[in-house]
Amino acid sequence: MRRMQGSGFAESGRGGVYVMHDLKACPVCGSSAIRLAYRATTTRGSDGREWQVDECTNCSLGFMNPQPTWDEMQEYYSTSYEAYKPDHGAVAAEEELANEARRTGRFRHVEIIPGMKVLDVGCGGGLFLRVAARLGARVQGVEPSEVGAERARALGTPVFCGTLEQFADQIEERYDLITANHVLEHVPNPVGVLRCMAGLLAEGGLIWLSVPNAACCFSRWMPGVWHSADLPYHLLHFTPKSLIEAARRAGLAVEDLATYSLPSALAASLSQLLRRKFLVPARLTSGSRLMLSIAKRVGGWLDRRTAGEALLIRLRKPQDVHGSNAMSEATQSSHEAFGASPS
Numbered sequence: 003m004r005r006m007q008g009s010g011f012a013e014s015g016r017g018g019v020y021v022m023h024d025l026k027a028c029p030v031c032g033s034s035a036i037r038l039a040y041r042a043t044t045t046r047g048s049d050g051r052e053w054q055v056d057e058c059t060n061c062s063l064g065f066m067n068p069q070p071t072w073d074e075m076q077e078y079y080s081t082s083y084e085a086y087k088p089d090h091g092a093v094a095a096e097e098e099l100a101n102e103a104r105r106t107g108r109f110r111h112v113e114i115i116p117g118m119k120v121l122d123v124g125c126g127g128g129l130f131l132r133v134a135a136r137l138g139a140r141v142q143g144v145e146p147s148e149v150g151a152e153r154a155r156a157l158g159t160p161v162f163c164g165t166l167e168q169f170a171d172q173i174e175e176r177y178d179l180i181t182a183n184h185v186l187e188h189v190p191n192p193v194g195v196l197r198c199m200a201g202l203l204a205e206g207g208l209i210w211l212s213v214p215n216a217a218c219c220f221s222r223w224m225p226g227v228w229h230s231a232d233l234p235y236h237l238l239h240f241t242p243k244s245l246i247e248a249a250r251r252a253g254l255a256v257e258d259l260a261t262y263s264l265p266s267a268l269a270a271s272l273s274q275l276l277r278r279k280f281l282v283p284a285r286l287t288s289g290s291r292l293m294l295s296i297a298k299r300v301g302g303w304l305d306r307r308t309a310g311e312a313l314l315i316r317l318r319k320p321q322d323v324h325g326s327n328a329m330s331e332a333t334q335s336s337h338e339a340f341g342a343s344p345s
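For the sequence shown, the numbering used here begins at 3 and goes up steadily by one.
Everything labelled a hint here was simulated from the structure, so no lab data went into it.
Misleading hints may appear alongside valid ones.
[As the list claims (entries may be wrong)] Straight-line C-alpha distance at most 25 Å; calculated SDA-like pairs for lysine to any residue:
(1) K319 - E174
(2) K119 - K26
(3) K26 - P68
(4) K298 - A95
Please put together the full structure from these sequences, using the hints given.
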């Protein structure tokens with residue numbers, strides 16, 4: 003049930019009546035040239051609620067519209083969000099992950115150097131930070147959810163419970179590495195969050211982000227149904243073009259942009275596609291070794307074309323990439339490759 007209230011409308015949800023906020027402009031570029039992309043029900047769970055996703059025709063960002071606030075989303079995060087569940091990121095796996103990182107020289111696609119100061123934004127239960135600490139890093143987490151923050155603290159990880167902006171207002175520390183793994187799609191103000199990250203970077207520091215790739219084929223073929231649409235948790239749906247634009251507006255330079263398709267996740271996407279589009283029974287696709295093998299091959303093919311399921315982007319302050327240039331050559335070439343305006 004809906005009723006108008008202020009700039010949006012009130013809607014009855016599982017936890018009562020809350021305000022949904024109508025957006026008249028794109029959350030990244032501010033353009034008012036927006037159109038309906040699709041409507042779909044909650045991606046996981048069984049509440050059957052319908053959500054609307056609009057698309058900016060200027061920067062190609064997809065975004066839920068209208069949007070609930072963080073407080074209003076707590077009924078979802080507190081009951082069914084995977085990253086906050088007790089068995090997510092099991093402690094038993096930490097040493098195994100640390101050993102693998104020592105062998106490869108990287109963890110979560112970045113190098114962890116002993117003594118470096120690492121900030122993980124949206125750290126959830128803190129698995130990444132615990133592994134980074136085992137590798138010799140000095141770690142700090144930021145997590146808006148009390149459920150996630152309490153779990154991380156219980157396992158010995160220092161975590162600030164609140165928003166990144168609140169954290170930045172209270173500290174003077176600067177960080178060599180700031181990471182946010184599948185976080186930016188959850189926030190309503192991506193440019194502001196990126197700008198805040200830039201302010202927390204030490205000289206020569208790196209920002210590493212990952213988000214689902216809304217330009218990938220599975221998103222296009224299964225709009226609102228693809229598992230990484232994840233409505234209503236994902237307020238924003240980034241393409242390479244819109245992610246680069248958000249970084250540019252935050253005053254950051256793109257050092258590198260790539261995609262990564264996790265075989266198990268891609269296998270789930272392939273299974274989902276076969277069931278929905280070709281009516282293949284789930285028993286023939288779910289958990290299949292053949293499907294996982296196919297996913298590895300397909301994922302490699304997609305990622306070589308920067309068309310995989312997740313976008314990975316490395317950002318720095320412009321002066322840390324190419325002297326005092328306002329924008330790095332990498333940023334310029336990325337804009338040209340994905341059709342974003344460099345001006």
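Status of each hint after checking the structure:
1. K319 - E174: holds, 18 Å
2. K119 - K26: violated, 39 Å
3. K26 - P68: holds, 9 Å
4. K298 - A95: Distance ~23 Å between K298 and A95 Cα, so the pair holds.
Hint check: a violation occurs at hint 2 only; the rest are consistent with the structure.
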